[in-house]
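Taken in order, these protein sequences are the chains called A and B.
Under our numbering, the first residue of the first sequence carries the number 1, and numbering increases by one thereafter.
Under our numbering, the first residue of the second sequence carries the number 1, and numbering increases by one thereafter.
For the record, the hints were derived by calculation from the structure and aren't laboratory data.
Beta carbons are placed, not taken as given, at the ideal position from N, Cα and C, and that holds for glycine.
Hints may contain errors.
[Unchecked claim] Covered, in the sense of this in silico footprint (three residues per stretch, anywhere, with C-beta under 8 angstroms from a C-beta of chain B), are these stretches of chain A: (1) 13 to 22; (2) 79 to 89; (3) 132 to 146; (4) 157 to 168.
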Amino acid sequence: MLRVENVTHEPVEFSPALLAQFADFVSRYPEGKQKSALLPALHAVQAEFGWVSAPAMDKVAEYLKIEPIEVYEVATFYTMYFLKPQGKYMLEVCRTGPCCLVGAEKIMDHIEQKLGVKEGEVTADGMFSWRGVECLAACGFGPVLQIGPEYTFYENLTPESVDQLISDLKAKENN
Amino acid sequence: MARKLLLEHINIPGINTLEVYRSKGGYDSMQKALKTLTPDEVVEEVKKSGLRGRGGAGFPTGMKWSFLAKPEGVPRYLVCNADESEPGTFKDRYLMTHIPHLLIEGMIIASYALGAKTSYIYVRGEMMPQIRILERAIAEARNAGLLGKDILGTGYDLELYVQPGGGAYICGEETALIESLEGKRGNPRIKPPFPAIAGLYGCPTVVNNVESIAATVPIIRDGGDEYAKIGIGRSTGTKLISAGGNLKKPGVYEIELGVPVEEFIYSDEYCGGIANGKRLKAVVAGGSSVPILPANLILKTAAGDARVMSYEGLSEGGFATGTMMGSGGFIAFDEDQCIVRNTWNFTRFYHHESCGQCSPCREGTGWMEKVLHRLEHGHGKLSDMDLLVDVSKKIEGNTICPLGDAAAWPVASAIRHFRDEFEWHVTNPSAAVAGNFGLAHYADPLVKVEA
Numbered sequence: 001m002l003r004v005e006n007v008t009h010e011p012v013e014f015s016p017a018l019l020a021q022f023a024d025f026v027s028r029y030p031e032g033k034q035k036s037a038l039l040p041a042l043h044a045v046q047a048e049f050g051w052v053s054a055p056a057m058d059k060v061a062e063y064l065k066i067e068p069i070e071v072y073e074v075a076t077f078y079t080m081y082f083l084k085p086q087g088k089y090m091l092e093v094c095r096t097g098p099c100c101l102v103g104a105e106k107i108m109d110h111i112e113q114k115l116g117v118k119e120g121e122v123t124a125d126g127m128f129s130w131r132g133v134e135c136l137a138a139c140g141f142g143p144v145l146q147i148g149p150e151y152t153f154y155e156n157l158t159p160e161s162v163d164q165l166i167s168d169l170k171a172k173e174n175n
Numbered sequence: 001m002a003r004k005l006l007l008e009h010i011n012i013p014g015i016n017t018l019e020v021y022r023s024k025g026g027y028d029s030m031q032k033a034l035k036t037l038t039p040d041e042v043v044e045e046v047k048k049s050g051l052r053g054r055g056g057a058g059f060p061t062g063m064k065w066s067f068l069a070k071p072e073g074v075p076r077y078l079v080c081n082a083d084e085s086e087p088g089t090f091k092d093r094y095l096m097t098h099i100p101h102l103l104i105e106g107m108i109i110a111s112y113a114l115g116a117k118t119s120y121i122y123v124r125g126e127m128m129p130q131i132r133i134l135e136r137a138i139a140e141a142r143n144a145g146l147l148g149k150d151i152l153g154t155g156y157d158l159e160l161y162v163q164p165g166g167g168a169y170i171c172g173e174e175t176a177l178i179e180s181l182e183g184k185r186g187n188p189r190i191k192p193p194f195p196a197i198a199g200l201y202g203c204p205t206v207v208n209n210v211e212s213i214a215a216t217v218p219i220i221r222d223g224g225d226e227y228a229k230i231g232i233g234r235s236t237g238t239k240l241i242s243a244g245g246n247l248k249k250p251g252v253y254e255i256e257l258g259v260p261v262e263e264f265i266y267s268d269e270y271c272g273g274i275a276n277g278k279r280l281k282a283v284v285a286g287g288s289s290v291p292i293l294p295a296n297l298i299l300k301t302a303a304g305d306a307r308v309m310s311y312e313g314l315s316e317g318g319f320a321t322g323t324m325m326g327s328g329g330f331i332a333f334d335e336d337q338c339i340v341r342n343t344w345n346f347t348r349f350y351h352h353e354s355c356g357q358c359s360p361c362r363e364g365t366g367w368m369e370k371v372l373h374r375l376e377h378g379h380g381k382l383s384d385m386d387l388l389v390d391v392s393k394k395i396e397g398n399t400i401c402p403l404g405d406a407a408a409w410p411v412a413s414a415i416r417h418f419r420d421e422f423e424w425h426v427t428n429p430s431a432a433v434a435g436n437f438g439l440a441h442y443a444d445p446l447v448k449v450e451a
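Model the full structure from these sequences, guided by the hints.
Here it is, written out as structure tokens:
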């Protein structure tokens with residue numbers, strides 16, 4: 001059994017739209033090489049459910065005609081797949097050298113204080129999580145962060161611009 | 001004003017669209033290749049250009065193409081490596097964001113030269129906006145008959161797809177990238193066989209960086225000989241340099257190879273000098289994996305000559321007094337920056353990103369991170385520097401892929417050039433923790449000081 005935090009065995013159903021995406025992915029590779037669709041399929045699952053649960057991985061395996069372990073080993077290797085529920089908006093701050101030279105650590109401290117949760121935790125209202133991530137390839141425009149699930153990107157951050165960003169997301173939710 | 005081949009039209013509104021891109025001569029090179037040149041002639045032009053792989057290795061691109069096995073009845077693949085994640089490097093993201101059709105046109109030219117009927121652009125998963133940009137541009141090209149069956153009536157068929165990664169630096173290594181594209185963990189393969197013989201799905205495959213593939217467009221337009229006239233020595237053509245850190249004007253610059261480093265840092269055409277009136281302390285010239293150099297050695301070689309931005313120029317002196325062009329990720333450190341802290345940060349990155357396949361890398365990066373962490377946080381010992389050098393030597397050259405070297409070189413070079421700063425952290429632990437480095441003397445007194 002896959003060892004993940006907060007394992008759920010709740011069955012999942014994939015929407016017709018998600019299955020259509022799977023079919024499109026599989027069409028991109030030669031016959032018999034449908035396993036290549038695994039990474040894009042997991043991204044699509046996460047976009048629909050917010051994270052990748054064990055039952056969802058089992059269903060992906062079933063669709064791609066591969067063993068569940070083949071899905072687990074991929075989902076646990078790559079950093080983008082969440083194996084437990086996260087906040088609706090995941091703030092990912094680049095914590096690598098060039099961004100730190102221009103203040104990324106201060107931005108992470110500020111986000112922690114502003115949201116009142118530590119790295120990897122979820123705010124009480126379920127809206128936000130945050131974490132430091134490795135290089136986001138925007139080193140000339142740091143500090144930078146991106147926000148899932150759309151991965152919208154923000155550069156040249158200041159504490160004030162982060163406050164505005166969080167306020168905008170809250171306002172969007174309340175409307 | 002430096003000649004621009006890739007970024008010439010970057011500031012034109014709408015250049016990300018097919019219509020505007022074509023109005024500036026876009027896809028003319030592709031038509032020239034498909035309609036007037038044989039695949040072998042395209043390869044020959046790229047060989048003549050002297051183009052070297054722009055992802056970091058610097059291997060001649062035309063030669064790499066000519067190694068591709070061509071057995072009958074077996075598909076061949078071109079895979080674009082757009083898994084840009086080397087700290088300091090952001091040129092490919094910039095190029096894909098602003099002028100995606102340049103990459104797509106290059107993909108068609110390169111695929112034609114290699115005889116590939118299906119090609120993939122493997123983009124790091126975090127770059128979802130760039131993935132959407134590329135998919136939109138591919139759809140435009142397909143609708144215009146520039147992709148798909150019988151492109152422009154030439155009889156050449158090509159399908160092009162974007163593949164997202166899942167967040168793993170190691171997938172920038174070509175065999176790990178292939179594993180990932182096959183839906184597996186990104187564990188590098190032992191070479192040989194090289195991808196040119198057995199790559200994607202066991203078929204002959206070429207993996208090229210975004211910038212290398214984009215460069216084929218001006219090469220075919222102007223001819224390989226013309227391209228080779230730009231640059232210096234065996235460093236031909238132009239190179240995208242992504243400049244970050246404590247610079248007045250960080251950003252992506254296209255340089256003609258051979259520009260003096262001092263000009264690149266201080267001239268208004270490029271970075272405009274060091275930010276906030278500070279002095280330059282050190283530079284990482286080619287992405288975090290290449291050796292760091294103090295200001296005096298990045299501006300001049302050990303022999304006292306002006307150091308130039310070229311493959312040979314940056315490596316002048318070997319690793320004792322030189323560095324590498326790498327991916328062109330140029331990170332400048334001002335006099336207030338702490339080399340120990342930065343080395344710890346980079347090592348944490350490599351420890352985090354090690355795939356775990358080889359013990360020296362998996363364990364060694366973790367040990368180095370721990371030792372650097374204690375040095376940075378005031379708990380170091382004077383023997384730690386020798387320990388770090390020893391561990392770095394045990395990693396270097398002892399792993400399947402170059403991630404081990406990439407982790408070892410920054411540590412070894414930082415201690416080589418800044419050993420007394422490391423020792424200062426041991427002898428002044430409370431000041432180190434407080435971030436008071438007191439080591440501004442590292443900044444070269446000969447370097448210009450901004451007002």
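Status of each hint after checking the structure:
1. For the stretch 13 to 22 of chain A, the assignment as covered by chain B is violated, since 0 residues bring a beta-carbon within under 8 angstroms of that chain's beta-carbons and 3 are needed.
2. Proximity of the stretch 79 to 89 of chain A to chain B, defined as three or more residues with a beta carbon under 8 angstroms from a beta carbon of that chain, is established by the 3 residues found.
3. Counting residues of the stretch 132 to 146 of chain A whose C-beta sits closer than 8 angstroms to any C-beta of chain B gives 11, which meets the bar of three, so the coverage hint holds.
4. For the stretch 157 to 168 of chain A, the assignment as covered by chain B is violated, since 0 residues bring a beta-carbon within under 8 angstroms of that chain's beta-carbons and 3 are needed.
Violated hints for the displayed structure, listed by number in ascending order: 1 and 4.
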